[in-house]
Amino acid sequence: MSVSDEVLIRALVRDREKIFAYCWAILRDDDLAEDVFQEVCSLAVQKRETIANEQHLAGWLRLAARRKSMEAARARSVRAQLFNTELLDLLDAHWRKWDESAPTGLLDALRHCLKQLNPRGRELLAMRYEQGLKSPRIAEKLGCKVPTIYMATMRIHAKLKECIVRRMAIID
Amino acid sequence: MDKPMDSSSIRDDAEFARLISLYLDDTLTEKDAGDLRLILLESDLRRAEFTDLALTRCGIVQVFRRDALHAGTLPPKDNPNRQSTSPGSLASWRSVLSAMLVAAAILILLLTIPGRKRLPSNDKSAAEASMASITSQYGAHWRTPLSVGNSLVAGHILNLQSGFVNIAFNAGPRVIVQGPARFSVKSASALLLLKGRLVARAVGGHFTIQTSGAVIRDLGTWFAVHAHRSGKTTVGVYEGRVRVSNRPATGIAPISRMLTSGEASYVRGNSIKPLRHTAWEQHFVKQVDNEPTTLSVVDILCGGDGTTRQVDNGINVATGTGGMLPQIGNYQSDFIYHRLAFLPVVDGCFVPGGNKPTQVDSAGDTFVFPVAQSNGYYLLWAGGKFPALKLRHIQPVSPILGNIDYSRRGHSIIYMHPNKGFTLNLRRIQRLHPGLQMSQFCAVVGDSFTTTVKHVPKSSTDVWVIVDGRLRYKKLDVTPQDGAILINVPLKPGDHFLTIADAALQRDISRDWIILGDPRLKLVPSSK
Numbered sequence: 001m002s003v004s005d006e007v008l009i010r011a012l013v014r015d016r017e018k019i020f021a022y023c024w025a026i027l028r029d030d031d032l033a034e035d036v037f038q039e040v041c042s043l044a045v046q047k048r049e050t051i052a053n054e055q056h057l058a059g060w061l062r063l064a065a066r067r068k069s070m071e072a073a074r075a076r077s078v079r080a081q082l083f084n085t086e087l088l089d090l091l092d093a094h095w096r097k098w099d100e101s102a103p104t105g106l107l108d109a110l111r112h113c114l115k116q117l118n119p120r121g122r123e124l125l126a127m128r129y130e131q132g133l134k135s136p137r138i139a140e141k142l143g144c145k146v147p148t149i150y151m152a153t154m155r156i157h158a159k160l161k162e163c164i165v166r167r168m169a170i171i172d
Numbered sequence: 001m002d003k004p005m006d007s008s009s010i011r012d013d014a015e016f017a018r019l020i021s022l023y024l025d026d027t028l029t030e031k032d033a034g035d036l037r038l039i040l041l042e043s044d045l046r047r048a049e050f051t052d053l054a055l056t057r058c059g060i061v062q063v064f065r066r067d068a069l070h071a072g073t074l075p076p077k078d079n080p081n082r083q084s085t086s087p088g089s090l091a092s093w094r095s096v097l098s099a100m101l102v103a104a105a106i107l108i109l110l111l112t113i114p115g116r117k118r119l120p121s122n123d124k125s126a127a128e129a130s131m132a133s134i135t136s137q138y139g140a141h142w143r144t145p146l147s148v149g150n151s152l153v154a155g156h157i158l159n160l161q162s163g164f165v166n167i168a169f170n171a172g173p174r175v176i177v178q179g180p181a182r183f184s185v186k187s188a189s190a191l192l193l194l195k196g197r198l199v200a201r202a203v204g205g206h207f208t209i210q211t212s213g214a215v216i217r218d219l220g221t222w223f224a225v226h227a228h229r230s231g232k233t234t235v236g237v238y239e240g241r242v243r244v245s246n247r248p249a250t251g252i253a254p255i256s257r258m259l260t261s262g263e264a265s266y267v268r269g270n271s272i273k274p275l276r277h278t279a280w281e282q283h284f285v286k287q288v289d290n291e292p293t294t295l296s297v298v299d300i301l302c303g304g305d306g307t308t309r310q311v312d313n314g315i316n317v318a319t320g321t322g323g324m325l326p327q328i329g330n331y332q333s334d335f336i337y338h339r340l341a342f343l344p345v346v347d348g349c350f351v352p353g354g355n356k357p358t359q360v361d362s363a364g365d366t367f368v369f370p371v372a373q374s375n376g377y378y379l380l381w382a383g384g385k386f387p388a389l390k391l392r393h394i395q396p397v398s399p400i401l402g403n404i405d406y407s408r409r410g411h412s413i414i415y416m417h418p419n420k421g422f423t424l425n426l427r428r429i430q431r432l433h434p435g436l437q438m439s440q441f442c443a444v445v446g447d448s449f450t451t452t453v454k455h456v457p458k459s460s461t462d463v464w465v466i467v468d469g470r471l472r473y474k475k476l477d478v479t480p481q482d483g484a485i486l487i488n489v490p491l492k493p494g495d496h497f498l499t500i501a502d503a504a505l506q507r508d509i510s511r512d513w514i515i516l517g518d519p520r521l522k523l524v525p526s527s528k
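As they're listed, the protein sequences go chains A and B.
Sequential numbering of the first sequence, starting at 1, is according to the numbering used here.
Sequential numbering of the second sequence, starting at 1, is according to the numbering used here.
A hint or two may mislead.
[To be verified] Lysine-lysine pairs mimicking BS3-like chemistry, simulated, CA-CA at most 25 Å apart:
1. K68(A) / K474(B)
2. K31(B) / K145(A)
3. K145(A) / K159(A)
4. K475(B) / K458(B)
[Said to hold, decoys possible] Some chain B residues judged to face chain A by a derived CB distance under 7 Å, without partners named:
5. S21
6. D25
7. I39
8. L40
9. S43
10. L45
11. D52
12. I60
13. V63
Simulated from the structure, these hints should not be mistaken for laboratory data.
Every residue gets a Cβ at the ideal spot worked out from N, C-alpha and C, and that includes glycine.
Turn these sequences into a full structure, and let the hints steer you where they fit.
Listed below in structure tokens is the structure:
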């Protein structure tokens with residue numbers, strides 16, 4: 001018994017953001033993470049016969065993403081390596097929690113929560129994630145100290161996460 | 001989530017915030033990475049915060065990019081602080097496109113896995129998603145395997161690691177992509193080239209190629225595009241016309257240039273500048289097939305790939321300079337082998353002689369030309385009419401040999417007044433013609449000197465064809481009375497450097513008008 005094409009496609013589409021984020025967390029490179037995600041999709045299609053069911057598939061995808069990402073990180077070892085096996089194992093528990101708490105609609109919830117942010121918070125996120133600026137440049141543009149940007153970034157992310165969880169609970 | 005976010009813990013730990021921000025900025029040092037790893041290993045709360053942050057970060061990037069796409073605006077690209085990995089970069093923009101179409105891509109993957117059960121042929125989504133297909137490929141290695149006949153869907157980023165692939169777009173254009181390349185089919189008449197080289201042919205025009213810094217609109221033509229890693233884009237036109245525009249930041253009008261046959265330009269930031277005498281054709285593969293063909297050595301010496309019929313290029317063999325140079329008089333050898341950086345597939349040039357080993361290729365191979373002379377006259381001139389020195393009593397070298405004028409249309413000529421040598425890099429030439437291998441060098445050689453004076457001193461020149469430093473052909477004492485002499489040198493698959501040289505024994509070489517007529521390299525289908 002193996003997962004059907006339909007289940008496989010649905011899982012890949014549904015979990016795309018989470019698998020991509022998992023790859024990015026290891027690689028810190030959107031381009032490379034995209035490549036690895038595509039590779040994982042391709043591998044899943046090829047190995048479909050060996051995947052027993054949907055539960056097996058979720059774990060299988062995470063493991064494949066981890067292996068492929070680590071391979072890619074090793075091949076392009078220009079960045080300081082953050083992860084080792086022990087840390088990845090520990091972090092997997094938290095990734096699984098996201099699987100359980102936010103099976104679908106993550107981006108919709110996030111879009112809603114971004115609208116709830118104050119203008120300065122949105123501006124900071126736009127500078128970082130839309131314009132690709134780094135913390136010192138953002139600080140320069142906003143006329144504040146770099147540590148302030150560090151703290152503000154963390155605070156905004158924490159708010160967004162709390163908002164997403166609340167939003168998902170309401171939708172459920 | 002069963003663990004509530006503890007915002008106060010973040011506020012309390014400025015160090016964690018610093019490390020996380022450096023992680024997001026991608027500026028972690030080894031020490032910072034070690035410190036962050038330690039914190040994450042020790043604290044379950046920090047690990048939860050870390051995964052939350054990674055997920056929300058990627059989600060925010062996706063949302064921003066999708067919003068930008070829906071609004072029809074592209075991310076600004078003139079930010080000097082931007083790096084290729086920044087979320088606002090084109091890479092991220094592509095990832096959003098790919099995300100939107102991932103379902104279609106997976107469907108196509110399912111359809112193309114050999115031996116897999118095919119979905120019903122009336123599946124409209126797959127058919128609608130397919131914008132182009134692979135018609136042939138040569139030595140192609142893909143990151144995600146693809147083969148001939150595979151359909152290509154819009155938005156799916158394709159990584160061709162090496163080799164060549166022929167793609168037919170549903171709207172008619174044909175494209176040869178040359179690995180390594182990253183690209184994406186945008187529609188049945190548009191392609192996004194992120195990195196690498198391609199050659200496109202679109203009868204009737206209306207084909208568009210985008211790179212990170214340029215938009216190339218085809219107006220019925222055959223053209224080549226190179227998207228450099230640096231963001232620069234090179235465009236060259238074989239036939240017809242293309243309009244090249246840059247992609248400025250939002251709100252600034254793009255600038256455009258029209259390029260016609262034989263012209264090339266590069267686009268960098270807000271400038272579009274012409275490329276002259278750069279042999280851009282020698283960087284592109286124009287066709288991928290295994291039809292036997294012949295390449296013109298004259299075209300190669302003029303910057304072409306052997307098929308573009310270019311003429312008129314001079315090379316000063318004593319200095320290694322070239323282009324549309326003014327004619328020179330006497331030169332003296334410096335006994336140095338000169339590389340020709342402006343002609344990628346021509347290895348170098350030299351002055352043979354001096355009765356000592358002369359380096360004949362960049363691999364260091366040498367050959368002893370048994371002549372004492374180490375000087376000569378004139379440029380080595382490829383194609384067309386010989387540019388004579390504008391001095392009285394100086395006759396231009398005749399292009400006529402055996403009653404054939406090799407400067408006329410349909411023929412080609414290299415003027416090699418004695419004591420000149422040049423070397424072709426056969427492997428580089430072959431790379432421009434995948435599926436084929438060199439089988440032969442052929443030409444006619446002779447001394448085209450003519451005079452009405454009855455008694456002129458006897459003069460003669462030796463002609464040499466050398467492969468990888470070893471003699472393959474020689475014709476000693478070539479005189480005008482010999483007429484046209486056929487050269488036919490078989491080439492083997494492993495041959496690397498082909499050297500052609502001539503050298504005169506006597507000091508007075510003014511009457512040694514050595515020319516090569518129709519010098520060609522024959523190509524046959526590769527045995528691989």
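Quiz item: So which of those numbered hints doesn't the model satisfy?
Solution: Checked against the structure, the hints that fail are numbers 1, 7, 9, 10, while the rest are satisfied.
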